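Asks: Sequence:
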Amino acid sequence: MPPKDQLLYRFARVVCRLILLFFRRWNVSGKENFPSTGGLVVVSNHVSYWDPVVIGSALDRQVYFMAKEELFKIPLLGPLITRLGAFPVQRRGFNRQSIRQALNLLRSQRIVGIFPEGTRRHTNNPLPPHEGAVALALKAKVPILPIALTGTRGIKSRVCVKIGQPLNVSGLAENKVKEGEYQKLSKKIMGEIEKLINE
196 MPPKDQLLYR FARVVCRLIL LFFRRWNVSG KENFPSTGGL VVVSNHVSYW
246 DPVVIGSALD RQVYFMAKEE LFKIPLLGPL ITRLGAFPVQ RRGFNRQSIR
296 QALNLLRSQR IVGIFPEGTR RHTNNPLPPH EGAVALALKA KVPILPIALT
346 GTRGIKSRVC VKIGQPLNVS GLAENKVKEG EYQKLSKKIM GEIEKLINE
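Heads up: the sequence shown begins at 196 in the working numbering, then just goes up one per residue.
Errors might be hidden in some of the hints.
As the list claims (entries may be wrong) - The list that follows gives simulated cross-link-like pairs (lysine to any residue, SDA-like), each with its CA atoms no further than 25 Å apart:
| no. | residue 1 | residue 2 |
| --- | --- | --- |
| 1 | LYS226 | ARG305 |
| 2 | LYS382 | SER293 |
| 3 | LYS268 | LEU202 |
| 4 | LYS263 | ARG208 |
| 5 | LYS336 | ARG348 |
| 6 | LYS379 | ARG353 |
| 7 | LYS383 | LEU322 |
| 8 | LYS226 | ARG353 |
| 9 | LYS383 | ASN290 |
| 10 | LYS263 | TYR204 |
| 11 | LYS382 | GLY346 |
| 12 | LYS383 | HIS241 |
| 13 | LYS382 | ASN393 |
| 14 | LYS334 | LYS268 |
| 15 | LYS336 | VAL284 |
| 16 | LYS390 | LEU322 |
| 17 | LYS382 | GLU394 |
| 18 | LYS383 | GLY225 |
| 19 | LYS390 | ARG348 |
| 20 | LYS268 | HIS241 |
| 21 | LYS382 | ASN319 |
| 22 | LYS336 | HIS317 |
| 23 | LYS390 | LEU362 |
| 24 | LYS390 | LEU298 |
| 25 | LYS382 | GLN360 |
| 26 | LYS383 | LYS268 |
| 27 | LYS383 | LEU362 |
| 28 | LYS336 | PHE267 |
| 29 | LYS336 | PRO270 |
| 30 | LYS336 | GLU265 |
| 31 | LYS336 | GLN296 |
| 32 | LYS263 | GLN304 |
| 33 | LYS263 | ARG302 |
These are computed hints drawn from the structure, not numbers from a lab. Quick caveat, the model's predicted, so the values are computed rather than measured.
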């Protein structure tokens, strides 16, 4: 990312933190679980368009979010989120370019943000998770950090960000993962997020 875009990201993070502090009474817990260095896949429940903003504001390192490709076609928004590090992913089909970009970021010690549910949930019940986060973490040999968000849907709700403990999947050899294991691990991660929500 060009230095000017890094400055834009940091500026946006400060502004968003101030907005959340004064207008939404937000709270971040579990900061001690957040790795200060190294590649990392951040995963979270997804209930609002504001979720990436909240996560990006809560973490002290830049998060490169995978976002649905339709967002990048919206005037002003598309160029802005691109400059802030987001990159497009198709919600259907094989995403060779998106996967390559995510792996390059992870291998460069960066953070990739993914919402395993693939879209926003409209109830309190989790949606079936996609396997992409687990597959990327295994291939790049990086941990997965579960984050739980509450309060991002309502205008007057208190926003809470709960950072869980990193889950290390790098010990599993990618070519030895049995059929169905990706889905099992993905469900386990969503289960960890639900535990954080209910704490």
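Asks: State for each hint whether it applies.
Replies: Results for each hint:
no.: 1; hint: LYS226 <-> ARG305; verdict: holds, 18 Å
no.: 2; hint: LYS382 <-> SER293; verdict: holds, 23 Å
no.: 3; hint: LYS268 <-> LEU202; verdict: holds, 24 Å
no.: 4; hint: LYS263 <-> ARG208; verdict: holds, 21 Å
no.: 5; hint: LYS336 <-> ARG348; verdict: violated, 33 Å
no.: 6; hint: LYS379 <-> ARG353; verdict: violated, 32 Å
no.: 7; hint: LYS383 <-> LEU322; verdict: holds, 13 Å
no.: 8; hint: LYS226 <-> ARG353; verdict: holds, 18 Å
no.: 9; hint: LYS383 <-> ASN290; verdict: holds, 24 Å
no.: 10; hint: LYS263 <-> TYR204; verdict: holds, 20 Å
no.: 11; hint: LYS382 <-> GLY346; verdict: holds, 23 Å
no.: 12; hint: LYS383 <-> HIS241; verdict: holds, 16 Å
no.: 13; hint: LYS382 <-> ASN393; verdict: holds, 16 Å
no.: 14; hint: LYS334 <-> LYS268; verdict: violated, 30 Å
no.: 15; hint: LYS336 <-> VAL284; verdict: holds, 21 Å
no.: 16; hint: LYS390 <-> LEU322; verdict: holds, 15 Å
no.: 17; hint: LYS382 <-> GLU394; verdict: holds, 18 Å
no.: 18; hint: LYS383 <-> GLY225; verdict: holds, 19 Å
no.: 19; hint: LYS390 <-> ARG348; verdict: holds, 19 Å
no.: 20; hint: LYS268 <-> HIS241; verdict: holds, 21 Å
no.: 21; hint: LYS382 <-> ASN319; verdict: holds, 16 Å
no.: 22; hint: LYS336 <-> HIS317; verdict: violated, 33 Å
no.: 23; hint: LYS390 <-> LEU362; verdict: holds, 14 Å
no.: 24; hint: LYS390 <-> LEU298; verdict: violated, 28 Å
no.: 25; hint: LYS382 <-> GLN360; verdict: holds, 16 Å
no.: 26; hint: LYS383 <-> LYS268; verdict: violated, 34 Å
no.: 27; hint: LYS383 <-> LEU362; verdict: holds, 10 Å
no.: 28; hint: LYS336 <-> PHE267; verdict: violated, 29 Å
no.: 29; hint: LYS336 <-> PRO270; verdict: violated, 36 Å
no.: 30; hint: LYS336 <-> GLU265; verdict: violated, 30 Å
no.: 31; hint: LYS336 <-> GLN296; verdict: holds, 15 Å
no.: 32; hint: LYS263 <-> GLN304; verdict: holds, 23 Å
no.: 33; hint: LYS263 <-> ARG302; verdict: holds, 22 Å
The structure is inconsistent with the numbered hints 5, 6, 14, 22, 24, 26, 28, 29 and 30, although it conforms to all the rest.
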